[in-house]
Structures are given as structure tokens and as C-alpha cells.
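Engineer: Residues per chain are reported as follows:
There are 4 protein chains.
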Amino acid sequence: MTHEKMLDAYPKDLGGLDMAKLAACIAACFECGQTCTACADACLSEDMVADLTACIRTDLDCADICIATGNALSRRTGYDAKVTRAFREACAAVCKACGDQCAEHAEMHEHCKICAEACRRCEEACRALLATL
Amino acid sequence: MTHEKMLDAYPKDLGGLDMAKLAACIAACFECGQTCTACADACLSEDMVADLTACIRTDLDCADICIATGNALSRRTGYDAKVTRAFREACAAVCKACGDQCAEHAEMHEHCKICAEACRRCEEACRALLATL
Amino acid sequence: MTHEKMLDAYPKDLGGLDMAKLAACIAACFECGQTCTACADACLSEDMVADLTACIRTDLDCADICIATGNALSRRTGYDAKVTRAFREACAAVCKACGDQCAEHAEMHEHCKICAEACRRCEEACRALLATL
Amino acid sequence: MTHEKMLDAYPKDLGGLDMAKLAACIAACFECGQTCTACADACLSEDMVADLTACIRTDLDCADICIATGNALSRRTGYDAKVTRAFREACAAVCKACGDQCAEHAEMHEHCKICAEACRRCEEACRALLATL
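Chains as they are written, first to last, in my numbering: chain F, -4 to 128; chain L, -4 to 128; chain E, -4 to 128; chain A, -4 to 128.
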């Protein structure tokens, strides 16, 4: 995968980082960001959209934090543990909230089921990375 | 200002929110996001760019979290205190780190001075809003 | 305004740029991005949300291109006329579409009226800047 | 892949869309966005960063338009051919510029080589989709 090749191609040896966990978290963030954007849009086209407005809003928040976190984790220059911790904690918290929201509609809407799973994966990947700090 | 008019035009009465603090925080987030993007670019064009790489990186992270937080605070449907708290805490932490970084070069680079001030304003606005939760 | 101070603080003299038009366009992009995000959210909370889904979707697209364009215009290092033209043309086209969408509901929803105006301002600012290239 | 599952889970039948090309373009946009963010950061950490500032700037612009376009293509509600065309044209143009920039340093920097390839794939995917409109 390209994001793993880019981690390998970084010119400095930073040491001490768990590269497999970092790569997994970057992938999970972009996957979850795209999935939340698509889930918000799929919810918009449901006949019962009026019952899904809280889900749409959380999807939009989750898309924003996942892309922001995926970007921040893709940067390694001038590493600051406090900054990376702040992103991962926020991303895990919003993924938790969005996963819970989507899980409520998972039986009824396939897109919410897929989205809930992507949120869980991203939350776990953020927490796994937090545990290594 | 347009963001204040948009807060007034929201169709539901959500009650209990400190609208002045919310409006100030939204404005501070977008101002800080734009300023950090411009500061990263100004640093890139300095002859001493090699000494400013950590500042550029933190600027880029700060731009990402400020826009994501400004977006999240612009949404009021399906309000979830845990989500909004996660954004504000992350935004305050990254603005603190970026403000500290830029403050180190404030004597030498006017753009870092302006950026440090925008980061302080945004950090304070996020904390002021957190205090009302 | 901070974005004007940042333009002045840029360390290189690039010459030939119409700074007033550039500053106006940067401000219009971030204003329109925030307004579209808030309008999508206000539409979500309307009782007639089912009739506003196309408006919400265009708001979301417009928010994305406005922030991306505001970021690109905030950068001056390694200026490439083809790149800046691509951003402005896309931003003007999407602002046109979003302004038209929101204008259809402007009589009924104040947030759509405010948003349509922000889209018109941003479209015009992008076209005014395109005319100087 | 999750983005393909989300396309399948969209609740309305929109007809006439080339789903394979759309899915490929969404994947290419997010891959290219992440790669450009990582390439800008890798360039920042090179000893010769002062010679790579134009590359870094184009990377940052390309990351912004790729994510904005990936988001827009992930939305299908309220489809407007003019809007989707504007995103794809801008994305193709900026990917062309960034691919050219990175290709100049591809011999010397592996991250620029990988990034140039991601930019070419994304440019082609956008043009392939434009050809179906």
C-alpha cells in the first residue's frame, strides 16, 4: 500500500515508533473519513432522512476529524507527543460517538452498518497507537 | 459577521448555549486555520527554512485541527457534548503547541508573531467554551 | 484583518499580484466555507429536511472547495498560474451552483438567503482574481 | 474495499454511472491526498529542503484538492454534472502539476517518485471519469 511505502521512504530514522501500528492507523483514518462522508450522503437519500439527522451530523464531524488525524499522523517531522496524542484522543472519541450512532441504525441501513465497523476499526487503531506513546 | 448571522438563523432553539462565546470560537478557529496555512508557507520561503521545519509541521497540524473544529462548532444538529469537548480539547492542545513554536521565532519573523497571537486567541476561545460545558 | 497582515508579512516580494483582490478572495473563501457548513446543518434541522437534500449536498461540496481554495490562495511559495487558475475556476463553478440552490430557498429560509449571498461574493471574488491572471 | 461497499449500499438507483470508474477515482483521490501530505513532510526533513519548497507547496495544494474531490465524489445525492466536472477538472490539473514537480526529483527522492506515481494515477482516474460525463 502506498502509505506504507511512504513511511519507508521517509528520509530520517526516527526510531522507537511502531510502524505497523502507525501504518494501520493512517489507513483506518482515511478509510473512516471517506466512509463517514459516504454514510452522511446515503442517509440524506433515505426516505426517513428526518430520523437520521443526528447520524448525518456525527458522520460529518467524524469525517472531519478522521482526515485531520490521518494528515497529522502522515507527518513525522518535528514530532511532538502532545500534539499526536491530542489528535488520536479526539479521533477515538468522535469515532466512538459515530460508531454508536451508526450502530443504532445498522439493522436497517447497510451503509450505517459498514460505517459503524469503519468507526470501530479507526477508534481501535487510535487507541492502539495511544497505548504505544 | 456572517457566522453570527448564521447562528441566529438556525431554525431550532437549542437553549443554554453561550452564543457569544460560540461565535467567538468559530471565528477564532477559521482565523487561526488560515493564519497557520499562511505561516507554514511564509516559513517555506525564508532563507533559513531548514531551521523552521518543526514550525512548518506544527502549523500544518494546527491548520487541520482548527478547520475541523470550526466546522464541528458550526454544526448544532444532534449536539453531543462528548464530541464537541473532544474537538475543543484537541484544538486547544494543538494551538498551544503551535503558539509555543511560533512564539520562539516571533522576534525574527513577523508571520510567526502574528500566527502565535492567532493560536493564543484560538486556544483561549476553545478553553472559554470548554468552561461553559 | 489577520489574513491581510499575513500577506504583508510574506518574506519575498512576488510583484505583479493584486494584493487587495487576493486578500478579498481569501476572506470570501473562508467565509463561504463556514457559511455552507452552517447552512447544511441548519437545513438538516428544518422540518422539511427531505426537500432540502440537494441543497445540503451542494453546501457540503461548496464548503470543501472553498476551504481548499482558501488554503491554496494563502500559499505564495512556488506560485504556478495553472494551479491557482484550477482552484479558482472550480471554486467559482461550485459557488455558482450552491448560490443558485440556496437562492431557491432564500424566501423561506434565512440561512439559505445568507448562504446564497456568501456564495455570490465568493464566486465574484474568484472571478475577479481570475481576470487578473 | 469499504468505498466500493458504500457505493453498493447507496439506497437510490441513480443509473447511468460507471461504478467501477467512480470507485477507482474515489480511491485514487484519497490515496493521492495522503501521499502528497506525506511527501510534503518527507521533503521537509530532507537536508536540501531549501531546494524543495516549490514541491512542498504543490504537494499541499494537491493534498487539499484530492481530499475535497474524494469527498465530493463520495456524495451522490442531488447530483449536478457541472459541480462534479469542476472538481474533477481542478483535481486533474493540480495532480498534473504536482506529478510534474515530483517527477523532477524522482531520481533523487523515493518519496517524490511514489508521489509522482500517485498523482499520475489520480489525474488519469479523474480524466477517465470526465470522459464518461
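Read the hints as simulated data drawn from the structure, not as lab findings. Among the hints, erroneous ones may be present.
Any copy, or any two copies together, can satisfy a pair, since identical chains are not distinguished.
[To be verified] DSSO-like cross-link-like pairs, simulated, lysine-lysine; straight-line CA separation at most 27 Å: (1) LYS108 <-> LYS0; (2) LYS77 <-> LYS7; (3) LYS0 <-> LYS91; (4) LYS108 <-> LYS91; (5) LYS77 <-> LYS16.
Engineer: Starting from the hint list further up, note which numbers the structure goes against and sort them upward.
Structural biologist: none
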